[in-house]
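J.: We have chain A; now place chain E onto it with these hints.
Protein chains: 2
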Amino acid sequence: MPTRATKFSLRDNQIPTAWFNVIPSMPTPPSPPLNPATRQPVGPADLAPLFPMALIEQEVSTAEWIDIPGRVLDVYRMYRPTPLLRAKRLEKALKTPARIYYKWEGASPAGSHKPNTAIPQAYYNKAEKVKRLTTETGAGQWGSALAMASAFFGLKCQVYMVKASYDQKPGRRVMMETWGARVTPSPSEETEAGRRILAQDPDSPGSLGIAISEAVEDAAKRADTKYSLGSVLNHVLLHQTVIGLEAKLQMEKAKDYPDVVVGCVGGGSNFAGLAFPFVPDRTRGGREVKFLAAEPTACPTLTRGRFEYDFGDTGEMTPLVEMYTLGHTFVPPPIHAGGLRYHGDAPALCRLVKDGVIEAVAYPQSKVFEVAVQFARTEGILPAPESAHAIRAAVDQALACKETGEEKCILFGLSGHGLLDLQAYQDFLAGDLIDA
Amino acid sequence: MPTRATKFSLRDNQIPTAWFNVIPSMPTPPSPPLNPATRQPVGPADLAPLFPMALIEQEVSTAEWIDIPGRVLDVYRMYRPTPLLRAKRLEKALKTPARIYYKWEGASPAGSHKPNTAIPQAYYNKAEKVKRLTTETGAGQWGSALAMASAFFGLKCQVYMVKASYDQKPGRRVMMETWGARVTPSPSEETEAGRRILAQDPDSPGSLGIAISEAVEDAAKRADTKYSLGSVLNHVLLHQTVIGLEAKLQMEKAKDYPDVVVGCVGGGSNFAGLAFPFVPDRTRGGREVKFLAAEPTACPTLTRGRFEYDFGDTGEMTPLVEMYTLGHTFVPPPIHAGGLRYHGDAPALCRLVKDGVIEAVAYPQSKVFEVAVQFARTEGILPAPESAHAIRAAVDQALACKETGEEKCILFGLSGHGLLDLQAYQDFLAGDLIDA
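Line by line, the protein sequences are chains A and E. Using the working numbering, the letters of the first sequence correspond one by one to residues 1 to 436. Using the working numbering, the letters of the second sequence correspond one by one to residues 437 to 872.
Worth double-checking, as some hints may not be accurate.
To be verified - Here are the simulated DSSO-like pairs of lysine-lysine, each with C-alpha atoms no more than 27 Å apart in a straight line:
id, chain 1, residue 1, chain 2, residue 2
1, A, K126, A, K156
2, E, K565, A, K95
3, A, K7, A, K248
4, A, K88, E, K562
5, E, K562, A, K92
6, E, K790, E, K844
7, E, K592, E, K567
8, A, K129, E, K524
9, E, K565, A, K92
10, A, K88, A, K290
11, A, K129, E, K528
12, A, K92, E, K567
13, E, K838, E, K531
14, E, K689, A, K253
15, E, K844, A, K248
16, E, K684, E, K443
17, A, K253, A, K95
18, A, K156, E, K592
19, E, K592, A, K126
20, A, K88, A, K402
21, E, K838, A, K95
22, E, K592, A, K367
23, E, K524, A, K156
24, A, K88, E, K592
25, E, K528, A, K126
26, E, K528, E, K838
27, A, K7, E, K790
28, A, K156, E, K689
29, E, K531, E, K443
30, E, K443, E, K689
31, E, K443, A, K126
32, A, K255, A, K290
33, E, K531, A, K131
34, E, K684, A, K7
35, E, K443, E, K528
Please keep in mind that the hints were generated in silico from the structure rather than gathered at the bench.
Isolated chain A (complex conformation) (with noise of 0.2 Å):
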């Protein structure tokens, strides 16, 4: 019987029982939301209307550690810990020195990371009375994990689906309904800003802004209903950071430690889950990491776009923060990767970026499907699109390494699996994809 290791698993009962908040292992902490209106820093009370205090408490804490409660630990343990695996069947393929390591968050029932966050949200929503979620999905990834952990706390859930989305991928619609969450096409009859965008362009396909716009409308104008957003905000971020707390423990299992730490970004918490737990090391422990954020060219915003204060939304509602941005009325390509195409990213994350601990590169996707199939082929995980950015750069820092003989140990986030997204496989099988 052979003993080498290439699955490091954590015992039941090593699942983390803290949130890791990387703002004071910042170099420098990120700049406060402004209201677009005073430009002064928004307040707990300008946010009261959408989110649970204690979500707010997050949003603004300092606190190194941040409890996890009882109840939301009892639904991570449906899914958590989840698994940390080496690559060896890819190394080999790529006859590269480097060892390659994964973490996999596909295996959530969502099929994803996002439940990391949907479960908190739920759960501190319900513990506050609210009786209703409302959010927005675009591909559905999102909309799929807050609708599956409404229903775990007995809360309604809206989601606002983009109306290209919800044609063309019934899946995902199907998906949220089973979970027992209420779908709209957007731009929808059921809020202002819906009906005045329809006003304007009957045959509209809608785009997130304008479904960030009716859900937070939708919430906004009711007294049982709270708003539920899926990344970028520091709290969604903070609650993805199990992946890296996870990662960090297995490494040790492995007796290893990344010299590389990789992943995609769409707004920022897949990526900022995985590798924000390894910044202390980096920037005051003096390991060197390097961190490595992987976007898509048709959507470059940490590699191409302008570090200043913008627009959450294409609708001009949400407060102003300073991120990297391609401005918000940037309408990127319809590329598969439908989770990275956002014009902004999480300010946390793009102030790492300024100051130089996260370095940030784009493929075109064409490139990112060539490593997805080699992924599945040798690892047998057919991966997200989204993920499958992650796979492309880690693929290349290993290349880098057959070139240089460096024995590299490089840890990438596999954040989702590509079940819903068939129809790229089949225009990258068939020759059809389009590079944006």
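T.: Only chain E this time, still in chain A's reference frame:
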């Protein structure tokens, strides 16, 4: 921090290292397969054109334990040990005093238990210098698993996919192609069997029986090619016992033991994989265990079939085997649980039913989807329509406990996820599901 355990994970090194063969534990061994021409038991020579010798030896073995090769274990480790979970949230929703556990096989990269046998089958073929495997697939679970396993071992894989499914389920086809398999809609022009059907009916939607004939013919006529089957045969059931062997260890960790073991039955490999390792505790150890096989009323093999020798395929190309059968020309209605649409069942399983060790129950699909949705909303996982038959039977056992007040321990097998079966959920939620 709460300590209520709901997941019972094994350590990475607690993966079984031998498969369990139920034959020595059976009150009556299964009757041998017969050559349809001579009515004599088939020998290894009859099977050699189709299977490698190692699998033929396993097919007829009476050893209780068969070692799992190290290279198979290496691949099993990518997704095994799989989780055993206690369905606390479902128990609460049912208000039952019963304890419900489920063994979750859907987190494998192919989405079901099927890789447990696809991997060793690919391994043994590779070891005997086979270059190419053929198989048939209906809904696509099995074809996906063999495509993936073939990629791991560098084998070519040719899948004959029932044409109706090929057209209706492009997602499954794309999965197989992503793993490198060649997928041909059946009936095809590539075999005599296919051409014969097409000559009679150019628009034939195909059937599993026709696809088997094509795959067998293809393998029989090429020296570099063997045939691979995903259920029914002894060696397939043997490989699946990793499920039950792990589950036994996990029940120990939970300090519990099942009064009832439940699984769905199509060809029988999923049910056997979970249940067989518990059989000697009952037949030899004096433990009272109820084994309950769940099948669709649309294809009621165990509950309505006759126990007799019959062909395994529609085309009368296979040996005759003694089993419960609806007749090899039986065509079940097109229910969503495509994996349960088989006219017979594994001979070893059928013999245990005949001898009263295993009981069977049948459900119409509306009753099945009712609990599938309840399960998704309480336990998160969106089950495959096949697996949901087991949930239905487990829930009914738990509801009976509510009546009687019995605190039974119920263990069921959750064999796969339903992420490629969302049309079925859509039909159910819309009230469009038809009971055959």
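J.: Taking the earlier hints as the rules, which of them does this structure contradict?
T.: Violated: hints 15, 18, 19, 21, 27 and 28.
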